[in-house]
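Enquirer: Take the sequences, apply the hints, and build the full model.
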Amino acid sequence: MPPSCLSIFGTKALQQTVAAPSAPRPSQGGRIKASSLGDRVFEWLCRGAGILVLLTLGAIIVTLFIGALPAFERYGAAFIWSTEWNPVEDHREAYGGAVAIFGTVVSAILAIIFAVPVAFGIAFYLTELAPAWLKRPVGTAIELLAAVPSIIYGMWGLFVVVPFVQMNIQLTFGDALAALPLIGFIFETTNFAGTSLFTAALVLAIMILPFIAATMRDVFDQVPPVYKESAYGVGATRWEVVSGVVIPYTRISVVGGIMLGLGRALGETMAVTFVIGNANRLPGSIFDASTTIASVVAMEFPESLAGSLKQSALFALGFLLFVISFVVLATSRWLLRSRLK
Amino acid sequence: MSTTAMGGPIHSAPAKDMAVARALGRRRRVKDNLVRWFCIGATVVGLFFLASIMTTLLWRGLAAMDLTIFTTEFRPTRYGDDNMPKGGLIHAILGSLVQVAIGTGIGTPIGLLVGTYLAEYARNSPMGNAVRFVSDILLSAPSILIGLFIYQLVVLPMGGFSGLAGALALAIIVIPVVVRTTEDMLQLIPNTLREAVIGLGAPKWKMITLVCYKAAMSGIVTGILLAVARIAGETAPLLLTSFGNNVTSFDLSKAMASLPIAIYQQANSGFPDLIEIAWAGALLITVGVLAINIVARVLLRAKI
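So the protein lines, in turn, are chains A and B. First residue of the first sequence? That's 482 in my numbering, and the numbers climb one at a time after it. First residue of the second sequence? That's 330 in my numbering, and the numbers climb one at a time after it.
Since the hints were made in silico from the structure, they are not lab data. Even for Gly, the Cβ is constructed at its ideal location relative to N, Cα and C. Take these hints with a grain of salt, some might be off.
One side only, chain B facing chain A, incomplete, derived with CB under 10 Å [to be verified]:
1) R365
2) L391
3) A392
4) M394
5) L396
6) E449
7) M456
8) P471
9) T564
10) I592
11) N597
12) L619
Cut-off 25 Å, straight-line C-alpha distance, at most; resulting in silico cross-link-like pairs (DMTMM-like, lysine to aspartate or glutamate) [as the list claims (entries may be wrong)]:
13) K360(B) <-> E609(A)
14) K533(B) <-> E524(A)
15) K535(B) <-> D513(B)
16) K616(A) <-> D361(B)
17) K709(A) <-> E721(A)
18) K360(B) <-> D346(B)
19) K535(B) <-> D520(A)
Expert: Have a look at this one:
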């Protein structure tokens, strides 16, 4: 019998003797009681902190909903698809969330489209291609990209990416793109300020790139070496190993990593606020100025009056953003559950 | 291709098969090379962005960096009149330090206890899984929503923006970061160590506080450092809670300045001299945040 089994039986026997109704020994009773009091206090401190975390999330949902209630009562579900946003406080005052929701979803999805191929390339490079001495410095550099605060991305975006998009993308390729058959209209615009849905998606893509790349690298590293080696052993090239072994083995976690990036992109505030142009109308093209839920709240909330309908509409947008990102993040976590264990 | 050759008549020309096989091999190699160059390109692109951000920051930030940044409060633009006094960021630096310190001070013990609960008590119980799930959601939740939450919970009842509200919003962001690292680090501790301590007759809380925390110390400190780095650059929640201030203030019940908000306001002011100051602030924050990150990494690597 292995020693671990012995110890299990040993404790069981011990517990039985403890649990058995025997005469209490007063001399030791005090000490055991004192230490078990400390145990109970500490355990309840820990459990209380855990409950506090649960309550925090619950309270965030409840307070956002309470704040949003006047707007939801006034507009009902139509708030979600109404494109009106008129803060002038007279009979024309009206609020709808469609513009901000559209901008949020489209900018985040565009960002994913831009970021995923590059993130995959980085993850593939770091796991299969890079020489050993390069893996750590390059990996650390990519992780540091994730640590740069979002306001820095916003400023860099405003003063570097916006002029670049304006001069080198819109002026150079804008006409050619707009002339494309069928899809040309999504590039056609009269806005040449450089601040646009496209620029916001580009900056967002750069921001979420390190998150997706790091997740992909971690899950690629989890593929058992034996699988890869047997593919190499029958003469597969590196690309065949990745496309035939690594990706099929990790595809669920890879999608989870992409969803994690999507969750980040949906709720990003400062970087987007700097470069999206903050126009509260439905964009006709990806080069038009637009807005997102987070940037509308950041721009308009500090100047809205407490208790006003406008403030309630902003709370309603916040509540919708919470619902969207909760669904995305929960899905991501569910897909990544194998990696978490 | 090989299947048709195998299944076909035996007298299929071997020379032709060789040519086909060579063409296939060439195609596979070309494809592999293309993908390899694409991946190298992607990595270069990623590194290029980091380099671009850092060079822009250093170039614009160092140009604006001087002693007045650290000695003077906000001054209105002196655009067109060089005789007016130059402004600085000391009000924002102090405000950020106060709010980050209080936020970390409140968030760290709670995060530490939650991490302990998950690693030492709850493990895989339903309650533990629920707390872990919620903590992970909070880790990635849009930070501006935490600003809205604190606005409703603290700013409205207190009747105005306040440094305390800002610090509380930051504390909520600190908690999940500390929870994650604390739990991960405690789980790395071998169970034999726990059994040895319990075997000596120590109560569980002494085992956790005196032995497990000590063994996981470098990891826990790393988590706290990462949390500080994360909240030092947070802007969105502060916009709705401590709002920003143009003078130095340590009054927690009033609006309080912070570095990210000062950068945000001055970068969007449109005046070249204020934008310069914003670049200096951006350089300060980024260098600080990246330095903390690097220290945290070194600390963790030295121990594991």
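Enquirer: Quick one, are K709(A) and E721(A) close enough, alpha carbons at most 25 Å?
Expert: holds, 10 Å
Enquirer: Tell me if the straight-line CA distance from K360(B) to E609(A) falls inside 25 Å.
Expert: Given pair K360(B), E609(A) holds - Cα atoms ~16 Å apart, limit 25 Å.
Enquirer: With a cut-off of 10 Å, does the beta carbon of N597(B) approach a beta carbon of chain A closely enough for the hint to hold?
Expert: Hint holds; N597(B) Cβ to chain A Cβ min 8 Å, cut 10 Å.
Enquirer: At a threshold of 10 Å, is the proposed contact between A392(B) and chain A supported by beta-carbon distances?
Expert: Hint on A392(B): violated, closest Cβ of chain A at ~13 Å, above 10 Å.
Enquirer: Within a Cα-Cα threshold of 25 Å, do K535(B) and D513(B) meet the stated pairing?
Expert: holds, 20 Å
Enquirer: Please check whether E449(B) passes as an interface residue: C-beta within 10 Å of a C-beta belonging to chain A.
Expert: holds, 7 Å
Enquirer: Using the nearest Cβ pair, does P471(B) come within less than 10 Å of chain A?
Expert: At 2 Å from the nearest chain A Cβ, P471(B) passes the 10 Å test, so the hint holds.
Enquirer: Under 10 Å, Cβ to Cβ, is where M394(B) needs to be relative to chain A, so tell me if that hint holds or is violated.
Expert: violated, 15 Å
Enquirer: Tell me if M456(B) is really an interface residue toward chain A, meaning its C-beta lies closer than 10 Å to one of theirs.
Expert: holds, 7 Å
Enquirer: Under the criterion that the straight-line Cα-Cα distance not exceed 25 Å, is the pair K533(B), E524(A) satisfied?
Expert: Between K533(B) and E524(A) the Cα gap is close to 9 Å, so the pair holds against 25 Å.
Enquirer: Regarding the hint that L391(B) lies at the interface with chain A, is the smallest CB-CB distance below 10 Å?
Expert: violated, 15 Å
Enquirer: Between K535(B) and D520(A), is the straight-line Cα distance small enough, at 25 Å or below?
Expert: Given that 25 Å is the threshold and the Cα spacing comes to 8 Å, the pair holds.
Violated hints, in rising order: 2, 3, 4, 5; the structure is consistent with all others.
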